[in-house]
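Colleague: Based on the provided sequences and hints, a complete structural model is requested.
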Amino acid sequence: MDTFDLEKIFQEKIDGEIKIEPKDWMPDAYRKTNIRQVSQHAHSEIVGMLPEGNWISRAPSLKRKAILLAKVQDEAGHGLYLYSACETLGITREETINDLHSGKAKYSSIFNYPTLTWADMGAIGWLVDGAAILNQVMLTRTSYGPYARAMVRICKEESFHQRQGFEILLVLSKGSEEQIAMCQDAINRWWWPSLMMFGPHDSESTNSEQSMKWKIKRKTNDELRQNFVDMCAEQVKILGMKLPDDKLKWNDKKEHYDFGEIDWNEFWNVVKGNGPCNKQRLDARKKAWEEGAWVREAAAAYAEKRKARQQAA
Amino acid sequence: MNIQIRKLYYGDIPEEKGGVQSTPLGDGGKQSDWPLWEVFIRSKQGLDHKHVGSLHAADAQMAIENARDVYTRRMEGVSIWVVESKYIHASNPEEAGEFFEPAVDKIYRHPTFYELPDEVNQM
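Order-wise, the sequence lines are chains A and B. Under this note's numbering, read the first sequence as residues 2 to 314, first letter to last. Under this note's numbering, read the second sequence as residues 1120 to 1242, first letter to last.
Read the hints as simulated data drawn from the structure, not as lab findings. Mixed in with the good hints, there may be bad ones.
Stated by the list, open to error - 30 angstroms max Cα-Cα, derived BS3-like pairs, lysine-lysine:
id, chain 1, residue 1, chain 2, residue 2
1, A, K254, A, K243
2, A, K220, A, K33
3, B, K1163, A, K33
4, B, K1169, A, K14
5, B, K1169, A, K308
6, A, K157, A, K216
7, A, K24, B, K1225
8, A, K288, B, K1225
9, A, K33, B, K1205
10, A, K64, A, K157
11, A, K254, A, K273
12, A, K243, A, K255
13, A, K64, B, K1169
14, A, K14, B, K1163
15, A, K157, B, K1163
16, B, K1225, A, K308
Said to hold, decoys possible - Computed far set for chain A versus chain B, every beta-carbon distance over 10 angstroms:
id, residue
17, W26
18, L63
19, A67
20, R94
21, A234
22, D247
23, Q312
We treat Cβ as the ideally placed atom computed from N, Cα and C, and that holds for glycine.
Modeller: So this is what it looks like as C-alpha cells:
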C-alpha cells in the first residue's frame, strides 16, 4: 500500500468519526501537530500549578487549604494523563520536558500572570478554568483516541475547579467593603487574559485548516470565545460585580453579547516570553527538575538493589 | 466550507511564533531510566480491571502507588494492576481486517438470527 492509499484510509476513518489509535498509520504532520498540542496542554497543567500553589499556605481557612491542595493535585494528575497520551505518539517524556525547559514548547500564556490576592484563586477557578473547560469539552471529541480519553477524564474533574472558584468569589462578594473591592479587582485583572486564552481571531488564522479537517479541533477560536463571554456576562450578575469592558452589551439581533477588542500586542508579548511571570515560571520548573534529580536517582538505585536481591534469593 | 483556524490556546503556539529554538539540557535527569507501566483499574468488586493509562516508575510498587495517586483520587478503584509496557503484545492494526475476518460472516452466532414464534417468550 502506498502513502496515497494510507492517507485516503486515514481520512475516511476521520470522516467516519472513527478514532485514530497509537499503532494506526497516520500522516507525519498529524502526529507532529498532536505531539505539539498535547505536550503543550500537559505543560499548561503543570505550569498552571504554580500560580495557585503559591496560595496553598496562605489560604484563609483549613477548608480552603484542603480544597486548593486537591485542585493543584488534580492539575498534576491532568498533566500526567496528557504526558502519557503524548508518549503514545512516539516522543519520550524526557524530550517533552526538555522542550518545556528550553522554551521551545509553550504553555497557556494565562499562567504568566501573577496571583496577587486570595480573590485571584476565585477568579482563576471561575474564568481561567471556565475558559479551559469550553476548550476541553470540545477536545473530548478530538480524533486522536488517547487525547480524547484523557480529556474525558479531565473534564469530569474540572467542573469542581470552576465551581470552587465561583464560590470563593461569591463569598467575597457578600463580605466586607475590602473583600468586595478585592473580588472586583481580581475579575478586572483576569478577564482580558482569560479572553486571550482562546487565541487570535479566526480571520487572523492561516495555517491550520488541516486541524479542522483532521478533527483535532471542532470549533473556532471566536466561536468558543463568544460562548465564554455569553456565559460570564450572565454569571457576573449573580456576583453583583462588573466585567471590565464598556463595550459589553447584549445584542438582540445576534442573540449574543457584543464585547470590546483584546489587546493583541499584550497577547503576543506574553507568548514571546515577556509577560509578567514567564521567567519566574520556567525557573521554578527547572529548579524543581534539577533539585529532584537525586530523588529520581535514588528511586532508580533502590529499584536496582531490590531487583538484585530478588534475583539472589 | 473552508474554515481556517489556528488556535493558540492550550498547547498550540506554532514553533516559529514562540521565538525560541530547542536546546537539549545537560543531563536530562535519570527519569528516562524509569520504565513505562500500563495501569489497569478495577472500579468495584465484581468488575474487570480496565486499562486507564500509563506512567513511569522505578519499580512495580512505585508504579502502583503512583497509579493510586493519579488514577484513583476520587475513589475510582478498589484494585490496581500494573504491567511494564514492554510486556504487552498487541495485534497489528494494519492486519485487523484479515485477522478479525473469520467472525464477520457468522451471524448465526447471534440470538437474533433465529426467528421464533412470539409464544416462545424470553428465550
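Colleague: It remains to establish, for every hint, whether it holds in the given structure.
Modeller: Checked hints:
1. A:K254 to A:K243: Measuring from Cα to Cα gives roughly 23 angstroms; hence the hint holds.
2. A:K220 to A:K33: holds, 20 angstroms
3. B:K1163 to A:K33: violated, 38 angstroms
4. B:K1169 to A:K14: holds, 25 angstroms
5. B:K1169 to A:K308: holds, 28 angstroms
6. A:K157 to A:K216: With a Cα-Cα distance of about 22 angstroms, the restraint between A:K157 and A:K216 holds, given a limit of 30 angstroms.
7. A:K24 to B:K1225: Holds, because 28 angstroms separates the two Cα atoms, which is no more than 30 angstroms.
8. A:K288 to B:K1225: violated, 61 angstroms
9. A:K33 to B:K1205: Satisfied, since the Cα-Cα distance of roughly 24 angstroms is no more than 30 angstroms.
10. A:K64 to A:K157: holds, 22 angstroms
11. A:K254 to A:K273: Not OK: A:K254 and A:K273 at ~38 angstroms, beyond 30 angstroms, violated.
12. A:K243 to A:K255: Given pair A:K243, A:K255 holds - Cα atoms ~22 angstroms apart, limit 30 angstroms.
13. A:K64 to B:K1169: violated, 34 angstroms
14. A:K14 to B:K1163: Given pair A:K14, B:K1163 is violated - Cα atoms ~34 angstroms apart, limit 30 angstroms.
15. A:K157 to B:K1163: holds, 19 angstroms
16. B:K1225 to A:K308: Not satisfied, since the Cα-Cα distance of roughly 49 angstroms exceeds 30 angstroms.
17. W26: violated, 7 angstroms
18. L63: holds, 19 angstroms
19. A67: holds, 13 angstroms
20. R94: Per Cβ check, A:R94 is inside 10 angstroms of chain B; nearest 6 angstroms; violated.
21. A234: holds, 21 angstroms
22. D247: Since the minimum Cβ distance to chain B is about 26 angstroms, A:D247 lies beyond 10 angstroms and the statement holds.
23. Q312: The claim stands: A:Q312 keeps its Cβ more than 10 angstroms from every Cβ of chain B (closest is about 13 angstroms).
The structure is inconsistent with the numbered hints 3, 8, 11, 13, 14, 16, 17, 20, although it conforms to all the rest.
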